[in-house]
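*Asks:* Here's the letter readout for the chains.
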Amino acid sequence: MTQTASAEVVIVGTGVVGVVVAEQLLDAGISVVMLEAGPRVTRAEIVENFRNLPLGIKGSASSSYPPKPWAPHPMPRTGNPDEDYLQLDGPDAYAQTYIRYAGGSTWHWAGTCWRLTPDDMRLNSRYGVGRDWAFDYETLDPYYNLAEYKLGICGPADPALQWPPRPRSKPYPMPHLPFSPGEEKFTRVVKDALGYTNLPVAQARNSGTPYDERPACCGNNNCVPVCPIGAKYDAATSLKRLEEKGATILSNAVVHRIETGEGNRIEAVHYYDPERQSHRVTGKHFVIACNAIETPKLLLMSADSRNPNGLANSSDQVGRNMMDHPQMGLTLTLDEPYWLGQGPVVNSGIMETSQGDFRAEHAGAYFRMNNFARNRYETFNALKTGKVGRALDEEIRRRTACTVNVVAAHEILPDPNNRLTLSSRKDWLGLPKPHVYYDVGDYTRRSADVYSMPIARRIAEAMGAIDVKEPTQFAQSKHLMGSTIMGNDPANSVVDTDCRAYDHDNLFLPGGGAMASTACGNSTITMVALAFKAAEALVSQAKGA
Amino acid sequence: MQNSNKTPGVSRRQLLIGGASLLGSFTFAGPTLAWAKDFEDTPLHQRFMRLSQLLVNHRLNEGVGLRIAAFAAQKHADLSGMIGQIVEIAEQRDATEVEQFFDAIPEGELRDLAYWVIAAWYSGASSAAADAEPFTYEHALTYQTTLDIVPIPSFGLSGPNGWSRPPAPLMPVPRF
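Chains A and B, in that order, give the protein sequences.
1 is the number of the first residue of the first sequence in my numbering; add one for each residue after it.
1 is the number of the first residue of the second sequence in my numbering; add one for each residue after it.
Since the hints were derived computationally from the structure, they do not count as laboratory data.
Honestly, I wouldn't trust all of these hints.
As the list claims (entries may be wrong) - Covered by chain B, per the in silico footprint, the following chain A stretches (three or more residues, Cβ under 8 Å):
| hint | region |
| --- | --- |
| 1 | 28-35 |
| 2 | 174-181 |
| 3 | 192-201 |
| 4 | 258-267 |
| 5 | 339-353 |
| 6 | 398-406 |
Stated by the list, open to error - Here are the simulated lysine to aspartate or glutamate pairs, DMTMM-like style, with alpha carbons at most 20 Å apart:
| hint | chain 1 | residue 1 | chain 2 | residue 2 |
| --- | --- | --- | --- | --- |
| 7 | B | Lys75 | B | Glu99 |
| 8 | A | Lys387 | B | Glu107 |
| 9 | A | Lys387 | B | Glu109 |
Claimed, not checked - In silico negatives: residues of chain A with every beta carbon more than 10 Å from chain B:
| hint | residue |
| --- | --- |
| 10 | Pro39 |
| 11 | Pro228 |
| 12 | Ser278 |
| 13 | Lys284 |
Idealized CB from N, CA, C, for every residue including glycine.
Just chain B, same shape as in the assembly (with noise of 0.2 Å):
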């Protein structure tokens, strides 16, 4: 058993993750993003969409991804050629999952973007911070990691006193 009080180094992704850089860079007054619907089915949304599909191996929603995309287009002048530069890297191996070209995406600016993309599609806001833009609730992607056996909470599984089932094995994680 280990004891781990001591607060542990900082990297940048962290930082990135928790919400201080992303505070400073993505901090967006807007409360509801409904200037996002003007964004639907404009080619950057497209292009956002197929970075995401590139970014998560999983089925996203469009509607979540126009609110996602619509935030990074306010927080980056060149949303479309990052975009463009990041899956140029995929195409260029082929890649159909992340696994197979994310480590070939440069640290700096375009890794932040990765990664701020794939955080936003599974938590569902811009940023750990209280003050974060949310995306999504339900459709976050770290509940469809557990839904076998996990709650949404206040959305429930089971019926009155429904819960008492046997727990599901740690693995396999459920195709969503």
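For reference, chain A alone in the conformation it holds in the complex (with noise of 0.2 Å):
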């Protein structure tokens, strides 16, 4: 074991979390040390392994992004649990996507960046479901903020077109991104079929303009699995500049091991290199900021005297929890063209139907019209006819113009039931693989049953579909959330409300693992607003204040 690296702060990922706590840290003085798992690539190498992808597996996210035999994240399911990551159980599979590289998983994600609404972080006092948060909106709105700017996020300068429909404290940095015909056509649609109104998506996407030193948008259709241009925001984009403020980071760096001191306190964490050799890192705090899946796996896995049960895991809430956004995905064949695939890949969605009374009852949805060109789903079903000639290149054409896929993304509850534990199986460097047992729960189950396909049928009516396949079971949305939860009182949660452990003053676990709720919008914008409450706190604390 050596001694590889030490600073005020040690930061183990380098997501969006990390790298945004790490640059609030920098600027105030602090001195900062990152470890990532995976490696540090750059942008082309990335694009050349999504090009170089068959067509049959482009629309996977994670497919150009090999793993390291270190550092192994989910690939797509092969069935066996010795070559799977993510070892599933329960009802229904948590089969979700990241990635272990530099950068984190916003490498591939759509850059959607919808806010929490008051009621969604009151989901118990006001529909008597879930839990509450443990502070309200107001608290979080100027975190939301500093969200948009440090992102890049662009949306509506008009008020009607805004979520949450209440008002803005200050504007979007950036106008929202146009709609293309076929999202206008939609928008119409359930407007004048539904009296639903279709919103500019909040995205971290720059909208006509360079911003962060980033290009503008330019319509490459291909957010997931990767911007070629960086007009979206990933933080991958950010390393470079933290390195110039004095960031060390390390990759290729698998933190296995946190270890505790005096006073519960951590003193240090400990990483393995390629080679299998071990390397201590020592600072004065700590942020284990790694997603909702590799956050609980590394504090199990540092069990030890004082903490027997791992770390932070007093309230024995670490691992529990697990949350996501279920998804219905229906795929309609239109009688009109649609033209899907200009602009980015989600650029719109319907938020209205996430909120009501009715949470007392059943999960809310949001709907979306996903804009992902259809060519790569499209082109083996028109072979599969057997047309040739003329005739195939119009199926093609026809199926690629006139098919669109709607979804449903659902919210679900927090239920201790679903589970994050360590597997008996390893992984490369013998280190447990994380085992989630996982349950959508009747409360999101009836949303389905009663709710929100009763809507997408209507919307698929609505646009003239003659054809619509449904799903049989939910899909997972790549939103991992809860497993570190947030709340007021140490006997059942794993963090306050700066995403400080209750059982160690010096650890800090920001993210989608504090959040209380899903709603129904997707998480990273939350997990950032978080991040910058806990660098704040963090400041402070460091600075003794």
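Mind assembling these two chains? They're in different frames, but the hints should get you there.
*Replies:* Set out below in structure tokens:
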């Protein structure tokens, strides 16, 4: 074991949460070392990986990011538990996608940034279900503003098109991106037939102008799995700037243990390099920001005599309350072209269906028409018809123009039984793979039965669908939440309102794991808001204020 | 509005295009087809391009054809003979387009090869399987059928915020 590095603050994870915390610390004059399990790569490498994938797998978010042996991450499932990284159990598969690369999973996110609403944060007191947040929306609002300016989130200036539907305390830094003709048509159809407003998505993508030394979006329609020009924010775009501000970033450094000391304070983290050599990194304060699977895994792996059930786990809530946005995606064949694929891959959505008194009975849902170019999905379907020549050309063109994917993304309640534990199966380094038991629960299933799917069918009918393919089970959204849950009571919560672990006063666990409710919109902006709040507290603590 | 949750019957052609049969007969361990270079401008390569030009009514890229042909040659010991048979069928009808002779290709190995060659040009890959061999991305003909309106993902078509132009008509298919 060697002593490799030391800093006032040690951050494990170089995803969006880690880099946002790091930059706040650096700007406050606090030294930072960051550790990343996976490799650090260039954008060009990932773009080439994507372009060299066979057509049948171009829709896979992770296949452009082959994992290193020492830093495995979920890949398209094989069904063989010895090959698959995530060990899944329960009625629903928590089959998530994330990557262990420097920059984290914002490499392949869509950039969608829906804020929570005030009601999303008080489900229990308002509807008698789930958990309330430990603070209210007004507390979070200034951190949302910081997140929007840090990531460069574009959004509508018209209050009637903003989410949540309440006065903003600060405008978006950029105007929203325009709709494609197909999105314009969808917007008209759902308004005219159903009265719904299809909102422009607030998204971390440069709209009509450079921002943060990144170029304007040019409609490459490849946000997932990688923006080829960096117009979409991803955390990898920040790494060089962090280093210029003084950060030390160690990649291919797999943290496998967090060490406690006197007073149950954290004293060091230990990481393996690719040669399986262990190193020790010391600091005064520690941030674990590896996502809501890898963070609880590391906490559980770090069990010691002071913390026999794992670090930060006196409440027994580490790894519990695993959440996501269970989704149902319908593939529609329409009698008119919508021509998806122009502009970003997600550019609008119906959010009003996520709110209402019905939440006492079942989950809300957010509806969107995905905007991925359809060739990758429809070419093989067209070829299977046996057509050749002009008939084949027309079949591909018709299918590409006239098929769409409409998705209903649901909220889910925190359930302690939805739990991550350490599998007996080991990875390349001999570390336990994560095992997750998952059941989306009756609250969400009931929504699909009586609410969301009936709405989706009405949307399909309004769009003139001549064929509808419905899924038979929920898919996952890659929005990891809940596993280090926040609350005011240390008896049933892992972290306090600043994402500080109740059990270790120099350990911070910001990110999706802290979220006490999911609502229906994508989680990253809330994770980043929590990162800003945690960083503020950490700066104050580090400076002894 | 029709709801089609039922799994349709799976035909031999669907299996071929979808990858199951091709995984059996065309699975290929080589990741790059680097050896295809040795195949360039050989008589078989030229005959493969002649076959492709009969099966696909569009301008075809010789480099992509080289990779497809080299892959097929690894899987069919008698590729040259099979090409000859299909070309002869076309020539017997004085065909210049696939519609003029495709129905005369007998079901079985020859028809399967013809379908596979067409699928390879349109998809740019050896099958729909996750481990298929990629032959090309931007030259896959599927993208050409919609290139007047839909970008090839990662290449783009427009400038900043430049995608609000009028929609293209569903037909005709652009010439390519």
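*Asks:* Please write out, lowest number first, the hints stated earlier that are contradicted by the structure.
*Replies:* Per hint list: 1, 3, 4, 7 and 11 violated.
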